[in-house]
Amino acid sequence: MIPWRLPVLLAAFLFSLTPFNAAQAELRIDITRGTVEPIPIAVTDFGGGSDKEKQFGQGISEVVAADLARSGLFRPLDSRAFIQTGLSMATLPRFGDWRVINTQALIQGRVRFMEDGRIRVEFRLWDVFAEQSMEGLAYTAAAKGWRRIAHKIADAVYKRITGESGYFDTRIVYISESGPLNKRRKRLAIMDQDGENHQFLTSGDDLVLTPRFSPTLQEITYLSYYANTPRVYIFNIDTGRQEVLGDFPGMTFAPRFSPDGKKVIMSLAKDGNTEIYVMDLRTRVVKRLTNHSAIDTSPSYSPDGKQITFNSDRGGSQQIYVMDSDGRNVHRISYGKGRYATPVWSPRGDLIAFTKMSRGKFFIGVMRKDGSGERLLAEDFLVEAPTWAPNGRVLMFFRQEPSRADGSGGRSRIYSIDLTGENEREIITPLEASDPAWSPLISDR
Amino acid sequence: MSRGILTSVLFHLFLAVAGYLGLPRLNRPELLVEAPIMVELVTVDDVTNAAPPPPRPEKKAKALPPPEPPKVDEPKHPQAAAPAPAPAPEPKPEIAAVTPSPDAKPKAKEKPKPKPKAKPKAKPKPLSKLAKVKPRRKPKPPDTFASVLKTLADLKKHAPQPKKKDKAKKPKKKESFERQIARALVSPTSKFSTDRPLTISEIDLVRQQIAKCWNLPSGAKDAENLVIEISVEMNPDGTPRQARIRDQKRLQTDPFFRAAAESALRAVLNQNCQPFKLPREKYDRWRSMTLVFNPKEMFGS
Chain U
103 MIPWRLPVLL AAFLFSLTPF NAAQAELRID ITRGTVEPIP IAVTDFGGGS DKEKQFGQGI
163 SEVVAADLAR SGLFRPLDSR AFIQTGLSMA TLPRFGDWRV INTQALIQGR VRFMEDGRIR
223 VEFRLWDVFA EQSMEGLAYT AAAKGWRRIA HKIADAVYKR ITGESGYFDT RIVYISESGP
283 LNKRRKRLAI MDQDGENHQF LTSGDDLVLT PRFSPTLQEI TYLSYYANTP RVYIFNIDTG
343 RQEVLGDFPG MTFAPRFSPD GKKVIMSLAK DGNTEIYVMD LRTRVVKRLT NHSAIDTSPS
403 YSPDGKQITF NSDRGGSQQI YVMDSDGRNV HRISYGKGRY ATPVWSPRGD LIAFTKMSRG
463 KFFIGVMRKD GSGERLLAED FLVEAPTWAP NGRVLMFFRQ EPSRADGSGG RSRIYSIDLT
523 GENEREIITP LEASDPAWSP LISDR
Chain Y
2 MSRGILTSVL FHLFLAVAGY LGLPRLNRPE LLVEAPIMVE LVTVDDVTNA APPPPRPEKK
62 AKALPPPEPP KVDEPKHPQA AAPAPAPAPE PKPEIAAVTP SPDAKPKAKE KPKPKPKAKP
122 KAKPKPLSKL AKVKPRRKPK PPDTFASVLK TLADLKKHAP QPKKKDKAKK PKKKESFERQ
182 IARALVSPTS KFSTDRPLTI SEIDLVRQQI AKCWNLPSGA KDAENLVIEI SVEMNPDGTP
242 RQARIRDQKR LQTDPFFRAA AESALRAVLN QNCQPFKLPR EKYDRWRSMT LVFNPKEMFG
302 S
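Line by line, the protein sequences give chains U and Y.
Everything in the first sequence is counted per the numbering used here, starting at 103 for the first residue and increasing by one.
Everything in the second sequence is counted per the numbering used here, starting at 2 for the first residue and increasing by one.
Bound conformation, chain U alone (with noise of 0.2 Å):
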């Protein structure tokens, strides 16, 4: 009897005191939902003393703001429900004002020109709630490199915000394209992210597919069609100057540069047969990676440069496929129903992003590197070419109406979307507009 009596009573006696125990532990509450809204964010005027500078912050407080706002993830607020103006960078906000009217972070700055003619643009990023300065920067440029200051600012404060690192101060370059469908003149161009500064790149004599931006900025390879045989080309945006890349025996297509910049990965068809090679920009050196009867095409790197994924069909049908850089370890990872295109690894590593097709229709998604959680971001008719944000936070593609037998219809436009498949934009462009290719962070060098 005894012996299980004395763990019995020993364990009523534990068990008596464990409710204070209990009892007495801190409270803890578990949140475990939320919501998704853009967070509320007030833009005011980046004043100065002068006209001239009131009106350059104005206009800098506007590309901010906008920025913001196409992100999908901020929404400025209508500077005429501010309570405070004119804040002054030299003294405190009152944040009781800006709470009122439900901001959660603030912008202030200010514009101020040197006697060299540049202006410099001083902001401050405020969290309202907690009274805190976030961020606080200056930047110093030639007046004319007011956007760019802007759009630095908005990639900064987004930054500060989200922890990801921005995308705003960033070009795109795409093909423009006009006339009729039989007798299309296609251009390349580009822009900044948000459509401004525009410009055509070549004249449009001879067709030009494909376009996409070097890691290092001036560049841009792309496809052109000159004396009617397809081969990649580069062209340097800053000196205008265009080359054949490499001279081979048969057609050459769908170039992507390394993350280094270093190279250029691409299609060749010679014999009926396409495989992927690589080549060196600076030795020239030429190098095949896919040894296959199937159709080898669409490569594009990983991040870290370790691996390639491309798009093939010796399974019986067009599906994507990651190698190592040295093509060796070939695997397939799409596994869905239809067919998959145009794979390009997302510069934050973690996706891959496709064109798919399926049941007559094309879509826009994303699938991890594995091939598993595919998510089909947009449809229609015809969406294609996807590209991503330097960030791998925003892809960008273009959608095709279908042409009707009349002639009319076929109009091309570029759009972005959030990966996560909300705040689908159009980019608005002078012309009709497919094949886009974002560019990295503009750096400052």
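In case anyone wonders, no lab produced these hints; they're calculated from the structure.
Honestly, I wouldn't trust all of these hints.
[As the list claims (entries may be wrong)] Derived DSSO-like pairs: lysine-lysine, alpha-carbon spacing no greater than 27 Å straight-line:
| no. | chain 1 | residue 1 | chain 2 | residue 2 |
| --- | --- | --- | --- | --- |
| 1 | U | 285 | U | 463 |
| 2 | Y | 297 | U | 471 |
| 3 | U | 261 | Y | 250 |
| 4 | U | 246 | U | 156 |
| 5 | U | 408 | U | 389 |
| 6 | U | 389 | U | 471 |
| 7 | U | 439 | U | 463 |
| 8 | Y | 297 | U | 261 |
[To be verified] Listed next, the stretches of chain U that the computed footprint assigns to chain Y, with coverage defined by at least 3 CB atoms under 8 Å from CB atoms of chain Y:
| no. | stretch |
| --- | --- |
| 9 | 130-143 |
| 10 | 200-208 |
| 11 | 224-235 |
| 12 | 262-268 |
Ideal placement from N, C-alpha and C gives every residue a C-beta, glycine not left out.
Position chain Y relative to chain U; hints supplied.
Just chain Y, lined up with the frame of chain U:
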């Protein structure tokens, strides 16, 4: 011999007495075990504070508390699901305002030389298309990542159905019963309230309040794994006096964590979601507390 018998009798007597005295102690804990179940039944609307246990003596009231706090962590909140569909009061007007960027255009005209009008305007149509697209993602529900965004999108429509099914049953059955208890207990509660822990329903209420103000870091890489703890010192009126992100070290080094932590902190400090609806008479219990922001569930796992 008789001596032996005597000692034996005495010894047995002693054992019997010891056993008798010991038993009652064993009994009480047993009651404890039952108690927690009763507590869970309580729901929000009775925050009159009568939340407590069955129509038993007050002693139990004290005993009940312990088991609750741990349970809180579980996704048991019956109502957590129901109210969520209506997030913030203003959300819809906001979204509308964002997309067309109405004010951007008027301003554009006043502008200097370059035309800084926000060019890309959102298209209303695509949204509906997207909505259609989403169903297609469903085929892979088990996938964490896939559900992330799906959840996000669906959230607005049919917010939280993911939870327990039994919630439907519970409220119905219990309501009237609870009310009775509530009425019956109104007076007794005041006696013990201070050190009584919060009921699940009371905690749920606060949870919902804060959830409305918590803006998730939705598309960020590995966002589902960012768990943020915030220590809060409360005023008796239910407003936070001081809130602090626990992991200060990571705050300095990890920008993603910092962004997520600050979003959680904003949720706590957002006056639109204050004061927290906590029972004042239990102030001692919530004077200082830890809020744990864990978005994992929102990302579908």
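**Hints violated by the structure (numbers, ascending)** = none
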